[in-house]
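A.B. asks: Letter by letter, the chains look like this.
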Amino acid sequence: MMQIDCADLVRIFSAEGVEVQALQGLTLGVDRGELTAIVGASGSGKSTLLSILSGLDRPTAGRASVAGHDLLTMTARERTLFRRRTIGFVWQQTSRNLLPYLTAGENIAQSLAIARRPRAQRSRRVDDLLELLDIGELRDRRPPEMSGGQQQRVAIAVALANEPEVLFADEPTGSLDEANSQRVFDALRDVNERLGVTVLIVTHDSDVSTQVRRTVQIRDGRTSTEVLRSTRLDEHGTEHLHAREYAVLDKVGRMQLPQDYITRLAMRDRVRLELEEDHVQVHRADSEDER
Amino acid sequence: MTRTRLTAPGLLLRHLRSGGAVSLLLPVLVLLAVLSIALAPRALGQVATDEVQQDLAQQSPLIVDLVATGRLGIPLSESRLGTEYLTDTTESALEAFRERIPSPLLDATGPISWMVQTPVDTAEVADLEARATLSLSIDLEWLDQVDIVEGVAPTGWAPIGGVGLSAGEPPPIEVAISTASATALGVEVGDVIGFTPAPLVVTAVYEPREPTDRRWMHAADLAAPQVLRGERAETIIRTSVYVSPESFASLTEELAVGTMCAWMPIDPASMSYADAVELEEQARQVLTASPGLQYGGELDFRSNLPDLIAATMVRVAAMSALIALSVSGLAGVLVAVFALGVRSVLTRRATALSLAAARGAGELQLRGVMALEMLVLSMPAAVLGVAIAATLIPDESGPLETLLPAAVGLIPALLAGALTTARPSARRRHDLTSPARSRARIIIELSVVALAALALLLLSRRGLAGPSTVVGIDPLLSATPLLLAIAACLGALRLYPWVLRAVQQRVRRRGDATAVFGSARALRDPALGFATALALVVGVSIVVFSTVLSSTVSAGLIDRAAVEVGADARLQAAVIDDSMIAAVRELEGVTAAVAYSVTPDVPFVVDGDDRTASVIVADAAALQAVRPDLPDASFAAGAVPVVLSSNWSAVSVGATGTLGEADIVVADVIDAGVLPGAGRGWILVDADAAAALGVELAVPTVALLSVADDADPASLTAEARQIIEQAQPTGAAVVTSTDRATALATARTPIVEGLEAALVIAALASLALMLITIVLATAAAAAARNRLLGILRVIGMSTAQLRRVQSWELGPLAVVALAVGTLLGLVLPTLVTAVLDLRDFIGGEAVVGAVIEPLPVLLVLALFAGIVAVAAVIALALGRRLAPAGILTMGDSS
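These protein sequences, in sequence, are chains C and S.
Taking my numbering, I'd label the letters of the first sequence as residues 1 to 291.
Taking my numbering, I'd label the letters of the second sequence as residues 1001 to 1894.
Everything labelled a hint here was simulated from the structure, so no lab data went into it.
Just so you know, these numbers come straight off a predicted model, no measurement behind them.
Keep in mind that a hint or two might mislead.
Stated by the list, open to error - In silico contact screen, one side only, chain S against chain C (beta carbon under 10 angstroms); selected entries: (1) T1007; (2) T1351; (3) L1355; (4) A1357; (5) G1360; (6) A1361; (7) E1363; (8) Q1365; (9) R1508.
Every residue, glycine too, gets a C-beta built ideally from N, C-alpha and C.
Okay, chain C solo, but in the shape it has when bound:
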């Protein structure tokens, strides 16, 4: 069973006289234990998707479930418990991850307190988490006394406090330098590998997206393409990273062609498809076709 399962997800924001369709039938599936990156330009709907998946926002239509919880039918109470037990998240701005007046240890403990974890276990759990992320020395420091990368790693520890099944990260490395970005990303990958937590990272950091096995591109509120990476051993025994880009095909057969294909072949308005034995050819509609 898929850990994250969205199909035909629609989210419409309506204000007086304005309607914005942020998600226009997005479909996405993520398996348990997968580390997936979602990339997309600003306004493509990736943050809206993350808000919905983390139970902060409700979709207008479609189907969405995370770890077996149906996000459309959840009551407020279920939603609260869902946020408390099922998921964890890390946002881009550290101010939204950590309370500045609590130390790292206290920030983690707060999550535990919210979830009403027994008091006796808290201190131990805090130490375990700090150790897991290798930031034990930060326990009694408050966020203003930490670097950006340290803050984000504490944020990951906070997000993991209640042993979530899924961890969402929204631009976790957005405001960090390269070295710190790498460290934070390593932490996320480490968590994914060691704890088996499903991790979904929203990013536009190309460095990050190349380091994950699966990258999903969102365009205009839809998943457009996916890149799957794998390592293969060649005949000489050396490891090669192998990436292959896929377009996403929805249930009714719609798909998006990558933008650079379209520009390179100057495709406009319509294309000609030709069914071959084991593939489909997409041709630019030539002038002779027009006739």
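Fit chain S to the known structure of chain C by using the hints.
C.D. replies: Below, chain S without anything else, positioned relative to chain C:
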């Protein structure tokens, strides 16, 4: 390395400690609010106690004290009783009666005094022109009350067996007489006065030891003679003399038909208004109870004490109602200010709240945490407030009542619980969220308006409450002003955008960039919300309301004093004849004077109906000079024109009839209260027509004076009084006088002063709360404003232009609040005077209507404008501490 506490309370404590200095404002406000709320009833109780005490102290002890008259019971079987009968039986019965009075009345009641007197009988005094009457008094304690200045105290008397007296002739009774009576009767020690059953011999002349002691009021003729005028205008000197208590056994026959009187002085100084209800009830019980004297003795106590206390309770209730009216609005402003304060704290907590919500904190958890934070902030302040209040003015109320004001400390917590938005919105998109949940808003607004309309309807249907029906604080009356204010505020806020839009179009045509920008911002992104608008509208209305009510009360008091005195000054004496009035007119500063007589119970006929009235005879021209407001009833010839008091509803102007032997025609009908001392039904006739009436008329006893504006009425009245006093016939009753200033001062009782102080305090408090409101609201908008100002400065706006843009933030709302609040403040007093009878409070006969004096109203409105300006300056100065450059680089936190 210190291990920090990871428990939930520990974390909460860390959370609270990070609140910062802004959170200090709320506890201070709570402290002040609790202090005022705790002090108000105490102060009110103090004022009410002062009122009771002063009112009772001003009244004559004759009507305040518990006074009893009756007769002494004397057993018929034993004809010769010793003094011990008086001491043992009567004294102990009366003492026991007093002991039975419950507290608190007992605490205010002095020891019981009593005496017995023989019936008043004619006394024969040699060489006395006047008639003399006297009675013999027996008072067991009389020797403690007087100082004998001449002679020796009388000894006991027995009717038979004197030495050197012929048989059948009883020996004289030894008596003691007061110096004043001795002088009036022309007797001294050793003189004999003819009396029955035996002649009296004066053995002692005494002076009251304490002339101001109340006993000399209750037994006045023992201190000084009473000079009366008999039926044939002869002078009667009436007095009492003491005989020895030893004589009791011999005087039982006379005493049995005489009178017994007893009195218990009431000391108002030991009364508290808190006991008023009990005091009234207990006093009424005393009046219906009987001391249980033996052998047919009777003693009935009477006193106006319960009625006086009841009247004070009505006045205090009226004051409480008026204060509640002014303060209910203040409560609204206070809640609005609390809401602003709570919101500013919530804004500071927004990140933490949404973070906690996103981490899975439930709605109840978040609301609970914020409520708890407010509780921790405000409850210590609330308790401190209660403690300070209890220290400042201690009272005996129970612990629950004492602690109740501290409940104000719960308001911020409740507001925090209600206002905390537990929605963990990932990012708030202003462009995409609906600005108002308009349906809910419409429903709430309509229900408030409906509630206000309902309250108004109920009030108007109830109409003017009668004097005795107002008891305590009327919740409907108290809540109506606030409901009206909220409704008006909602209406104003609905209209506000339309007005602003019209203004915007106008300024756009004029092409003033800052005005266009400022008005557009005020319209589309208003910095100040409903709470601010409510606080300002209600605040202005309270200030205006207090001002108008203040001038209404003082105008009512001035009117009452004028009606009570009847002119600038009034004098009353046994007789005020033409020569005395002429002499008074001569006084410098007296512009006019008139004397009139009041002859009671004169039958007259009008419209064929027989009636009775007091006939007032005055010189019409002179009366006109003193009282130009009265109709002219000058008599020339023919039917006598008369002015009738309006007690006979059917009588109309022009009606004819007869009075005595003269034909009369009704020249006018006016309110009975305009002529003091005339009673409720009277008929005014010109002195020139008096002879034509053929009715035996009383002598003039009342004089009215007009005094020049620059003269001092009090000193002139004193001079006039002296003139009239000197011209009085010997032994005539005392001249009394009053003038407008004195009457006004008397009318300003403690509760009037209390109300005036309360109105001033309410006005000042609402001005202060408005100041805080504006500072809070403007400060809350500081971040957004500074960001905007930074941008505007970058695109090249000058400081002056920026200031103009800023003025649009507060300006339009202040103007709307000024308009709506003023309107409301002017309408409310009219409403209040229509449903609340201010006569309860001010006294007098005339119904008191709202009096709007433009100058004070304009003054307080100017004060409001000043407050707005000051608040704006303070808030902007606070906001400016953030440098625009820094704000621009901070970026959008959302």
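A.B. asks: Hint by hint, note whether the structure agrees.
C.D. replies: Right, here's what the structure says about each hint:
Because the beta carbon of T1007 of chain S sits about 6 angstroms from the nearest beta carbon in chain C, less than 10 angstroms, this interface hint is met. For T1351 of chain S, the interface hint holds, since its Cβ comes within 10 angstroms of a Cβ in chain C; the closest pair sits about 6 angstroms apart. This hint holds: L1355 of chain S has a C-beta 6 angstroms from the nearest C-beta of chain C, less than the 10 angstroms allowed. The restraint placing A1357 of chain S at the interface with chain C holds, with a minimum CB-CB distance near 8 angstroms, inside the 10 angstroms limit.
Hint status for G1360 of chain S: holds, given a least beta-carbon distance of 3 angstroms to chain C, under 10 angstroms. Hint status for A1361 of chain S relative to chain C: holds, with the closest Cβ pair at about 5 angstroms, below 10 angstroms. A hinted interface residue such as E1363 of chain S counts as satisfied when its beta carbon comes closer than 10 angstroms to some beta carbon of chain C; here the least separation is about 7 angstroms, so the hint holds. The criterion of a C-beta within 10 angstroms of any C-beta in chain C is met by Q1365 of chain S, whose closest approach is roughly 7 angstroms, and the hint holds.
For R1508 of chain S, the interface hint is violated, since its Cβ never comes within 10 angstroms of a Cβ in chain C; the closest pair sits about 22 angstroms apart.
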